[in-house]
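Peer 1: Sequence:
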Amino acid sequence: MSLKERIGEDIKSAMKAKDKIRLETVRGIKKAIIEKEVALRPKGQDSLTEEQEIELLAQQAKQRRDSIEQYQKAGREDLAEKEQQELAILETYLPKQVDDSELESILDEIIASVGATSAKDLGKVMGTAMKQLKGKADGKKIQALVKSKLS
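In the numbering used here, the protein residues as written are 21 to 171.
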(Lines of atoms letter the chains of each structure in order from A; the text may use other names.)
(Lines give C-alpha, C1' and ligand atoms only; values in the text may rest on other atoms or scores of the structure.)
Protein backbone atom coordinates (compact mmCIF):
# COMPACT_ATOMS: atom_id res chain seq x y z
CA MET A 21 0.00 0.00 0.00
CA SER A 22 1.43 3.37 -0.99
CA LEU A 23 1.64 6.27 1.43
CA LYS A 24 -1.12 8.11 -0.41
CA GLU A 25 -3.48 5.10 -0.10
CA ARG A 26 -2.57 4.67 3.56
CA ILE A 27 -3.28 8.36 4.18
CA GLY A 28 -6.68 8.00 2.49
CA GLU A 29 -7.57 5.08 4.75
CA ASP A 30 -6.37 6.97 7.83
CA ILE A 31 -8.50 9.99 6.91
CA LYS A 32 -11.57 7.73 6.79
CA SER A 33 -10.77 6.10 10.12
CA ALA A 34 -10.06 9.48 11.77
CA MET A 35 -13.40 10.80 10.51
CA LYS A 36 -15.21 7.76 11.88
CA ALA A 37 -13.43 8.07 15.23
CA LYS A 38 -14.04 11.86 15.28
CA ASP A 39 -10.33 12.36 16.03
CA LYS A 40 -9.96 16.02 15.08
CA ILE A 41 -6.18 16.36 15.50
CA ARG A 42 -5.40 13.16 13.58
CA LEU A 43 -7.82 14.19 10.83
CA GLU A 44 -6.25 17.67 10.49
CA THR A 45 -2.72 16.26 10.48
CA VAL A 46 -3.42 13.49 7.98
CA ARG A 47 -5.28 15.89 5.69
CA GLY A 48 -2.28 18.22 5.88
CA ILE A 49 0.02 15.38 4.83
CA LYS A 50 -2.28 14.50 1.94
CA LYS A 51 -2.36 18.14 0.84
CA ALA A 52 1.45 18.31 0.90
CA ILE A 53 1.70 15.08 -1.15
CA ILE A 54 -0.75 16.36 -3.76
CA GLU A 55 1.03 19.72 -4.01
CA LYS A 56 4.38 17.96 -4.49
CA GLU A 57 2.91 15.66 -7.15
CA VAL A 58 1.44 18.65 -9.02
CA ALA A 59 4.82 20.38 -8.90
CA LEU A 60 6.50 17.29 -10.39
CA ARG A 61 4.01 16.75 -13.24
CA PRO A 62 5.78 19.09 -15.69
CA LYS A 63 8.86 16.90 -15.23
CA GLY A 64 6.86 13.85 -16.32
CA GLN A 65 6.43 12.29 -12.90
CA ASP A 66 2.87 11.39 -11.83
CA SER A 67 3.48 10.18 -8.29
CA LEU A 68 6.13 10.47 -5.62
CA THR A 69 8.83 7.88 -5.12
CA GLU A 70 9.21 6.35 -1.67
CA GLU A 71 12.31 8.48 -1.11
CA GLN A 72 10.40 11.65 -2.01
CA GLU A 73 7.58 10.66 0.34
CA ILE A 74 10.04 10.18 3.21
CA GLU A 75 11.69 13.51 2.41
CA LEU A 76 8.30 15.24 2.44
CA LEU A 77 7.33 13.66 5.77
CA ALA A 78 10.72 14.55 7.25
CA GLN A 79 10.19 18.19 6.22
CA GLN A 80 6.76 18.18 7.84
CA ALA A 81 8.23 16.69 11.04
CA LYS A 82 11.03 19.28 11.06
CA GLN A 83 8.48 22.08 10.73
CA ARG A 84 6.59 20.70 13.72
CA ARG A 85 9.78 20.46 15.82
CA ASP A 86 10.71 24.03 14.96
CA SER A 87 7.20 25.21 15.81
CA ILE A 88 7.28 23.40 19.15
CA GLU A 89 10.58 25.09 19.99
CA GLN A 90 9.25 28.54 19.03
CA TYR A 91 5.98 28.09 20.94
CA GLN A 92 7.83 26.95 24.05
CA LYS A 93 10.11 29.98 23.89
CA ALA A 94 7.04 32.20 23.62
CA GLY A 95 5.36 30.45 26.55
CA ARG A 96 2.52 29.07 24.41
CA GLU A 97 2.34 25.57 25.86
CA ASP A 98 -1.15 25.04 24.41
CA LEU A 99 0.11 25.47 20.85
CA ALA A 100 3.28 23.48 21.58
CA GLU A 101 1.12 20.61 22.86
CA LYS A 102 -0.94 20.57 19.64
CA GLU A 103 2.23 20.54 17.52
CA GLN A 104 3.64 17.67 19.62
CA GLN A 105 0.48 15.64 19.01
CA GLU A 106 0.75 16.32 15.27
CA LEU A 107 4.44 15.37 15.33
CA ALA A 108 3.61 12.06 17.01
CA ILE A 109 1.09 11.31 14.26
CA LEU A 110 3.59 12.27 11.54
CA GLU A 111 6.25 10.02 13.03
CA THR A 112 4.00 6.99 12.56
CA TYR A 113 4.50 7.40 8.79
CA LEU A 114 8.27 7.92 8.95
CA PRO A 115 10.78 5.07 9.04
CA LYS A 116 11.81 3.97 12.53
CA GLN A 117 14.18 6.54 14.03
CA VAL A 118 17.65 5.27 14.92
CA ASP A 119 18.58 5.42 18.60
CA ASP A 120 21.54 7.44 19.89
CA SER A 121 24.02 4.57 20.17
CA GLU A 122 23.19 3.29 16.69
CA LEU A 123 23.44 6.83 15.31
CA GLU A 124 26.88 7.29 16.87
CA SER A 125 28.19 4.04 15.39
CA ILE A 126 26.83 4.95 11.92
CA LEU A 127 28.46 8.38 12.17
CA ASP A 128 31.77 6.79 13.26
CA GLU A 129 31.67 4.60 10.14
CA ILE A 130 30.90 7.58 7.90
CA ILE A 131 33.71 9.67 9.44
CA ALA A 132 36.15 6.79 8.86
CA SER A 133 34.95 6.17 5.29
CA VAL A 134 35.33 9.82 4.18
CA GLY A 135 38.61 10.20 6.06
CA ALA A 136 37.44 13.16 8.16
CA THR A 137 39.92 14.33 10.79
CA SER A 138 38.92 17.87 11.75
CA ALA A 139 36.03 20.32 11.82
CA LYS A 140 37.00 21.37 8.27
CA ASP A 141 35.64 18.03 7.05
CA LEU A 142 32.17 18.68 8.51
CA GLY A 143 30.62 19.23 5.06
CA LYS A 144 31.88 15.91 3.67
CA VAL A 145 30.58 13.98 6.66
CA MET A 146 27.22 15.79 6.79
CA GLY A 147 26.54 15.24 3.09
CA THR A 148 27.05 11.50 3.37
CA ALA A 149 25.28 11.26 6.74
CA MET A 150 22.18 13.12 5.57
CA LYS A 151 21.85 10.90 2.50
CA GLN A 152 22.26 7.73 4.53
CA LEU A 153 20.07 8.79 7.46
CA LYS A 154 17.35 10.71 5.61
CA GLY A 155 14.13 10.41 7.58
CA LYS A 156 15.76 8.18 10.19
CA ALA A 157 17.32 10.89 12.39
CA ASP A 158 16.95 14.60 13.00
CA GLY A 159 19.44 16.75 11.08
CA LYS A 160 20.20 18.97 14.08
CA LYS A 161 21.02 15.92 16.18
CA ILE A 162 23.27 14.53 13.43
CA GLN A 163 25.08 17.84 13.06
CA ALA A 164 25.64 18.21 16.80
CA LEU A 165 27.09 14.70 17.05
CA VAL A 166 29.33 15.16 14.02
CA LYS A 167 30.63 18.47 15.38
CA SER A 168 31.43 16.92 18.74
CA LYS A 169 33.21 13.97 17.10
CA LEU A 170 35.31 16.18 14.79
CA SER A 171 36.36 18.76 17.36
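Since the hints were made in silico from the structure, they are not lab data. One should not assume that every hint holds.
With beta-carbon atoms standing in for the labels, derived distance ranges [said to hold, decoys possible]:
id, residue 1, residue 2, range
1, Ile31, Lys151, 28 to 38 Å
2, Gly135, Pro62, 21 to 31 Å
3, Gly95, Ala164, 36 to 46 Å
4, Pro115, Gly147, 32 to 42 Å
5, Gln90, Gly64, 11 to 21 Å
6, Gly95, Val118, 28 to 38 Å
7, Ser138, Gln105, 19 to 29 Å
8, Gln152, Arg85, 18 to 28 Å
Under the rule of at most 27 Å between Cα atoms (straight-line distance), these lysine-lysine pairs were calculated in the BS3-like manner [unchecked claim]:
id, residue 1, residue 2
9, Lys154, Lys50
10, Lys56, Lys140
11, Lys32, Lys63
12, Lys102, Lys151
Yeah, the Cβ is synthetic: ideal placement off N, Cα and C, and Gly gets one too.
Peer 1: Measuring from beta carbon to beta carbon, are glycine 135 and proline 62 in 21 to 31 Å?
Peer 2: violated (40 Å)
Peer 1: Taken at face value, is the distance from the CA of lysine 50 to the CA of lysine 154 at most 27 Å?
Peer 2: holds (20 Å)
Peer 1: Can the restraint linking lysine 102 and lysine 151 be considered satisfied, given a maximum Cα separation of 27 Å?
Peer 2: With a Cα-Cα distance of about 30 Å, the restraint between lysine 102 and lysine 151 is violated, given a limit of 27 Å.
Peer 1: Between glycine 95 and valine 118, does the C-beta distance stay in 28 to 38 Å?
Peer 2: holds (33 Å)
Peer 1: Run the distance test for lysine 32 versus lysine 63: straight-line Cα separation, threshold 27 Å.
Peer 2: Violated. Lysine 32 to lysine 63 sits at ~31 Å, over the 27 Å cutoff.
Peer 1: Check the following: the C-beta atoms of glutamine 90 and glycine 64 are separated by a distance inside 11 to 21 Å.
Peer 2: violated (38 Å)
Peer 1: Does the hinted range 18 to 28 Å hold for glutamine 152 and arginine 85 at CB?
Peer 2: holds (20 Å)
Peer 1: Isoleucine 31 and lysine 151, beta-carbon distance inside 28 to 38 Å?
Peer 2: Given range 28 to 38 Å: holds, Cβ gap about 32 Å.
Peer 1: Between the beta carbons of glycine 95 and alanine 164, is the distance compatible with 36 to 46 Å?
Peer 2: violated (25 Å)
Peer 1: Assuming the hint says 19 to 29 Å, is it satisfied by the Cβ distance from serine 138 to glutamine 105 or not?
Peer 2: Roughly 42 Å apart at Cβ, these two residues miss the hinted range, so it is violated.
Peer 1: Please test the hint of 32 to 42 Å on the beta carbon pair from proline 115 and glycine 147.
Peer 2: violated (20 Å)
Peer 1: Within a Cα-Cα threshold of 27 Å, do lysine 56 and lysine 140 meet the stated pairing?
Peer 2: violated (35 Å)
Taken one by one, the earlier hints fail for this structure at numbers 2, 3, 4, 5, 7, 10, 11, 12, listed in ascending order.
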